[in-house]
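Chemist: In the working numbering, the protein residues as written are 1 to 622.
Note that these hints are calculated values from the structure, not bench results.
Think of the CB as a built atom: it goes at the ideal place given N, C-alpha and C, for glycine as much as any other residue.
Errors might be hidden in some of the hints.
[To be verified] In the DSSO-like style, the derived pairs of lysine-lysine whose C-alpha atoms are separated by at most 27 Å in a straight line are: (1) K461 x K382; (2) K29 x K41; (3) K29 x K539; (4) K595 x K539; (5) K461 x K41; (6) K382 x K41; (7) K595 x K609.
[What the hints assert, rightly or not] Using C-beta positions, here's what the derived DEER-type ranges look like: (8) I27 x G328: 43 to 49 Å; (9) Y269 x V514: 41 to 47 Å; (10) L363 x L75: 40 to 46 Å.
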Amino acid sequence: MSVADIKVDEHLAHDDHGHEHHEQSFIQKYIFSEDHKTIGKQFLIAGIFWAIIGGGLSIIFRLQLGFPEMSLEWLRPILGTWITDAGKLDSEFYLALVTMHGTIMVFFVLTAGLSGTFSNFLIPLQIGARDMASGFMNMLSFWFFFLASVVMFVSLFIETGPAAGGWTIYPPLSALPQAIQGSGTGMTLWLVSMVFFIASQLLGGINYITTVINLRTEGMSFSRLPLTIWAFFITAVLGLLSFPVLFAAALLLVFDRSFGTSFYLSEIYINGEALPNVGGSPILFQHLFWFLGHPEVYIVILPALGMTSEIISTNARKPIFGYRAMIGSILAIAFLSFIVWAHHMFVSGLNPFLGSIFMFLTLIIAVPSAVKAFNYITTLWKGNIVFTPAMLFSIGLVSFFVSGGVTGLFLGNSAVDISLHDTYFVVAHFHLVMGSAAFFGLMAGVYHWFPKMFGRMIDEKLGYIHFWLTFIGVYLVFFPLHYIGIAGFPRRYYSFTSFDAFSTFTDLNAFVSVAAIITFGAQFIFLFNFFYSIFRGRKAPLNPWRSNTLEWTTPRVPGHGNWPGAIPAVYRWPYDYSKPGAEEDFIPQNVPYSKTPESNLDHETELAKSENITPAPANETK
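All chains, full assembly: derive it from the sequences and hints.
Modeler: Right, here's the structure in full:
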């Protein structure tokens, strides 16, 4: 019998959940929604909005870097007094642009766009739950994020400009309002926004962890969880342990700014005046910030890697290679991410002996990362690959993860880092391994689960154009920056025209800027495709990718409660693709072993004997 014909037992009674959504008003259903699917979409739309803002800011400062003699007078209607009388970008505003670009992309696009969207959308659907553990807490997590977004957006428009201390907001620059315009009101709003953002992440993280532990359907053991869920679960744990430390760091910074304390300040002279602050250390802030900042890299990249595992396995029509090794690598990365933070501080005066320990631990983290990369490549090897846009973006992610990860080995070496620190080499490294790889994971997720999100198909041809322009564009932007960095080009500099040593890189900088503008322009192809397909795309089939996981057993557009009848039980792991003997090249998780005797392995035949294929009533209440 064909597994495509096997249905979940439909004769069980419907529960109340199936009808709740009919009684909801527009505001209850789409704005103050407690439905995890709607909240996921809210995070996605907000993330897309912020991606346009954050990308737009980067284009403005790339114009300054690539074409330092160009008149930017045409930007005056947008930037107002931040364009000087000479038609140039104000030097302090340049720093603000870099700061806001970093903050927006790391926190508001990649963190919220990946965890906020896909943890919300996929966790209940893939583990077989009606919803998150707490719908109300889930709603609050989005609205705290929305508040954070509003405050951060407002800070872009204030007279003294937004925060300008770099996205790492190192004191004393960020602690002294008189030091730079952006350290006044702009910095205050930045800190307020981040408090709301951290609250959002903590509420979301608690919900994700609780849901995965407590609400799995019958048969969904941890060894049968899709790798996406493993990644979301561990990401939530990382966030829960590290974000409070950033909150503590921000709180102490508020005290230094407003209440005359000296946590980060000591023996400061400004405008010839000695400040009364003694006893503090800006290095303390660096330790606190990077204790979040390094796990943050993995909070961003792990969800992308988890979704990539699912997409590569589905579209290679092969089981994921080394399922347990992949789980092990996620756990190892999570553990190691907490004990490598000081590699960001090799040039801060850190004890060299301590530096050598952090260097050793940093280089070890390459091992679980390499396990993931090799396992992806092995899964692709001799697979019957279907090149959907999602698959291309997933392969693009692996490419960036490997090429960007290799440059991380250089920066992890404390002796080499002394020369490369705060050059464009660092910028190139983290934009490839974290920025672009995570962004490609986000895009892969959108293209793959779009049919489930909106019940329609997204246009594949536009998806291919979007992929190739972005993939080539990213490499054309960030690969040359490695060479500029090795030549000693420092980051965060407003202009290099006064340095003869850097005049040889004028053309290369211009090339990078042009590539950045084209790559940013390519995102509008996606933008059109996304919103057009939501309303006008062709209706999606129930399981367009012939995938095994539970979300494809729901109706085309799942209602409130996800499944109209009983929640399907789970009998097998999620990667039974192209199994020898099977009539189809996929066997969904809810198909019992007793229904597929022709393809069962010996231990599966034993499991089939003990199966109870009548779903238990307890499923209904879970």
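Chemist: Which earlier hints turn out false for this structure, listed by number in ascending order?
Modeler: 4, 6
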